[in-house]
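A.B. asks: One-letter residues, chain by chain:
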Amino acid sequence: MTTMTRPAVHRRSNADRLRQGLASGKFTAVLILLPPALILFSLFVILPLADAAYYSAFSWNGYGSPSDFVGTQNYARLLDHSVFHTALWNTAKLILVSLIIQMPLALGLALLVYRKTPTNTLFRLVFFLPYILAEVAAGLIWSFVFDGDYGITAFMFQALGQESVYVLADRQWAFPAIMTVIVWKYFGFHMMIYIAALQSVPKDLIEAAKLEGAKPRQVALFVQIPLIKHAIVVSGFFAIIGSLQIFDIIIPMTNGGPSNSTHTIVTYLYTFGLSRLNIGFGSAAAVVLFVLAIGIALFYQRATTKEERV
Amino acid sequence: MTSATTRNTLRVIVLILVASLVIGPLLASFFGGFKSNAELRTNPLGLPDIWNAENYIAIFLDGTFWRYLGNSFLISSMTVLLTLVVGAAAAYVFSQIRFFGSKMILSYLLLGLMFPFAAAILPLFIKVRDLGLLDTYWAVILPQTAFGLSLAILLFKAFFDQLPKELFEAAYVDGCSYLRFFWSFTLPLSTPILATVGVFVFVQSWNNFLLPLVVLNDRSIYTWPLGMMQFQGEYLTQWNMILAFVTLTITPAVIFFLAAQKYIVAGLTGGSVKG
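These protein sequence lines are chains Y and H, in that order.
For the first sequence, the positions run 1171 to 1480 when our numbering is used.
For the second sequence, the positions run 53 to 327 when our numbering is used.
In short, the hints are calculated from the structure, not lab data.
Model, not experiment: these values are computed from the prediction.
Among the hints, a few may not be true.
What the hints assert, rightly or not - So the derived list for chain Y, only partly shown, Cβ under 7 Å to chain H, looks like this: (1) K1196; (2) A1199; (3) P1205; (4) I1209; (5) L1210; (6) L1219; (7) W1343; (8) I1410; (9) G1412; (10) Q1415; (11) L1447; (12) V1461.
Said to hold, decoys possible - Here are the simulated distance ranges between beta carbons: (13) H:S236 to Y:T1475: 54 to 60 Å; (14) Y:L1266 to H:V225: 58 to 64 Å; (15) Y:T1475 to H:G115: 51 to 57 Å; (16) H:G98 to Y:L1249: 48 to 54 Å; (17) H:A56 to Y:S1252: 43 to 49 Å; (18) Y:N1231 to H:I65: 42 to 48 Å; (19) Y:L1381 to H:F308: 50 to 56 Å; (20) H:K314 to Y:P1396: 52 to 58 Å; (21) H:F308 to Y:G1318: 32 to 38 Å; (22) H:I65 to Y:F1392: 35 to 41 Å.
Stated by the list, open to error - Here are the simulated lysine-lysine pairs, DSS-like style, with alpha carbons at most 27 Å apart: (23) Y:K1286 to H:K217; (24) H:K217 to Y:K1196; (25) H:K217 to Y:K1399; (26) Y:K1385 to Y:K1373; (27) H:K155 to H:K217.
Virtual Cβ for every residue (Gly too), placed ideally from N, Cα, C.
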């Protein structure tokens, strides 16, 4: 064997030898640069998620180590709990509102302001502003708006000569109010995605359509929107994954109330898992959230790529 | 021509209407901070009768307000620094060095793009507690960095892949090591993407609520969203105080947004489009 490989070594070029000489440097580089990311990611992302699956099989208050194995009981309790049903349904409503109201609104506004003019830039900035504000701050501001004694809704009802409605304390109105704030907070984000895509649509395509006599609405429907389909698919994905995780806005507005009617999956997980130190039970809810997120993501990806192929 | 002008007028009317719905609540809370509670009841929306800055001044002179902002600033800056260094280092390896298993490790690190952060919050609480990190800055910094790494690595790798290969070959022949090359060429050449990711991570961290809520109990270490909820709990229905506090705490974000809007928009939307 050795006699057979030796001539090959002699025939190596200078560059090859240099590369071999630095091979050890390559190795140290990998050993120094990669582990921090791997350790952090494993310790604070992968392990906790695996732990959630493990804890969900125990009845555990978080102290000591989990020992009271209950199998699938936590899941059974969860699926039996009417508040969890409400939380699931509310989360579904958030997804629907994002897809059916927020995204078309964002797309319409994007079509109105995508051209690069100073006034358009100003409007874009204004529309994007709520997105960078903290959800908690937005929630607090809006709970003032909806306050039955002080807020703007109180003012409106009084102006109409009617008894004021405490929107956020009303089972019927609290969640629609939250959905309004969600649209207010996030439509600018989706709009920006569409604007970036609209600006990359070739101008001559639009000009050609106009020369053919297409009206602006037709240009939008048959030229621009089909060409930015990818951006719409991406923004839809973010709308869904984002809606699944709504938490911050609910806490200052209703904290899940009145009578547990405005919980989402995450506020449910927090309220019934962490606040009451039912780590096992809360972990079961976390596993459901995880499975839903991954399941929807995969389904969405498959559904949209299939459509693109046609 | 007339149809074009009417169309444009309509367009501007729609835009102004939406803009006022967006700005309205923000202005109302800014004005509200100047009003008395009695005035808030009769005039929640409009300009205050008397511009009484008492509430604002009281909060300004209160040390806890600055403490909350300081804590948030420290945590956000450290998260940005750590994410940039750790994320860029890993992305550099995937971009420049071929070795067995690198593709698999990359896919592993990118898994985080799909994972909902909230699903990990209970075990994170346990983990942080067991590590003895509760009520420390690290309790927020480390998990935030870990969850931000996937997107950071994805964006950095895409950028590093586009850097000219000739540069590396030249430096390589001159005996420059991989580590030195990373430090003195890759990083300085990558300031646009570093800024974009940095701004994105900063905003995320600055606004984060769930993680600090779970791992910080000591008020002296509260970030500003926690401080704001605390403040609201203390003043309950004194809306003028609460609105003044909210206005003051969101002001840095608004100023930051106006100053760095180019990077913010690129970071928050550009990154997602590539993803």
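A.B. asks: Work down the list of hints and note, for each, if the structure agrees.
C.D. replies: Verification of the hints:
For K1196 of chain Y, the shortest C-beta to C-beta distance to chain H is roughly 6 Å, which falls under 7 Å, so the interface hint holds. At its closest, the beta carbon of A1199 of chain Y sits 4 Å from a beta carbon of chain H; the interface hint therefore holds under the 7 Å criterion. Checking P1205 of chain Y against chain H by beta carbon gives a least distance of about 9 Å; that is not within 7 Å, so the hint is violated. A least Cβ separation of about 9 Å between I1209 of chain Y and chain H goes past the 7 Å threshold, and the interface hint is therefore violated.
Interface hint status for L1210 of chain Y: upheld, as the beta-carbon distance to the closest one in chain H is roughly 5 Å, under 7 Å. The criterion of a C-beta within 7 Å of any C-beta in chain H is met by L1219 of chain Y, whose closest approach is roughly 5 Å, and the hint holds. Restraint check, W1343 of chain Y versus chain H: the minimum CB separation of about 17 Å is more than 7 Å; hint violated. Because the closest C-beta pair between I1410 of chain Y and chain H is about 11 Å apart, greater than 7 Å, the hint is violated.
Hint status for G1412 of chain Y relative to chain H: violated, with the closest Cβ pair at about 10 Å, above 7 Å. Contact between Q1415 of chain Y and chain H, as hinted, is supported at the beta carbon level, the nearest pair being about 5 Å apart and thus within 7 Å. Taken as an interface hint, L1447 of chain Y does not check out: its beta carbon lies about 10 Å from the nearest beta carbon of chain H, beyond 7 Å. Proximity of V1461 of chain Y to chain H is violated relative to the hint, the smallest CB-CB distance being about 9 Å (cut-off 7 Å).
Roughly 42 Å separates the CB atoms of S236 of chain H and T1475 of chain Y, a value that falls outside the hinted 54 to 60 Å. One distance hint, 58 to 64 Å for the beta-carbon pair L1266 of chain Y and V225 of chain H, holds here, with the actual separation near 60 Å. Range check, T1475 of chain Y to G115 of chain H: Cβ separation about 55 Å, and the 51 to 57 Å hint holds. Taking the beta carbon of each, G98 of chain H and L1249 of chain Y are about 50 Å apart, inside 48 to 54 Å as hinted.
Taking 43 to 49 Å as the suggested C-beta distance range, the pair A56 of chain H and S1252 of chain Y does not conform, at roughly 56 Å. Here the CB-CB span from N1231 of chain Y to I65 of chain H is close to 58 Å, at odds with the stated 42 to 48 Å. For the hinted restraint 50 to 56 Å between L1381 of chain Y and F308 of chain H, the CB-CB distance of approximately 45 Å leaves it violated. At about 29 Å, the CB distance of K314 of chain H to P1396 of chain Y disagrees with the hint of 52 to 58 Å.
The hint said 32 to 38 Å for the Cβ distance between F308 of chain H and G1318 of chain Y, and at roughly 34 Å that hint holds. Taking 35 to 41 Å as the suggested C-beta distance range, the pair I65 of chain H and F1392 of chain Y does not conform, at roughly 26 Å. Among the hinted pairs, K1286 of chain Y with K217 of chain H is inconsistent with the structure: their alpha-carbon atoms are about 35 Å apart, more than 27 Å. With a C-alpha separation of about 16 Å, the suggested pair K217 of chain H and K1196 of chain Y falls inside the 27 Å cut-off, and the hint holds.
A distance of roughly 34 Å separates the Cα atoms of K217 of chain H and K1399 of chain Y; the hinted pair therefore is violated under the 27 Å criterion. About 15 Å separates the Cα atoms of K1385 of chain Y and K1373 of chain Y, which keeps this hinted pair within 27 Å; it holds. A C-alpha spacing of about 20 Å is found between K155 of chain H and K217 of chain H, which places the hinted pair at or below 27 Å, so the restraint holds.
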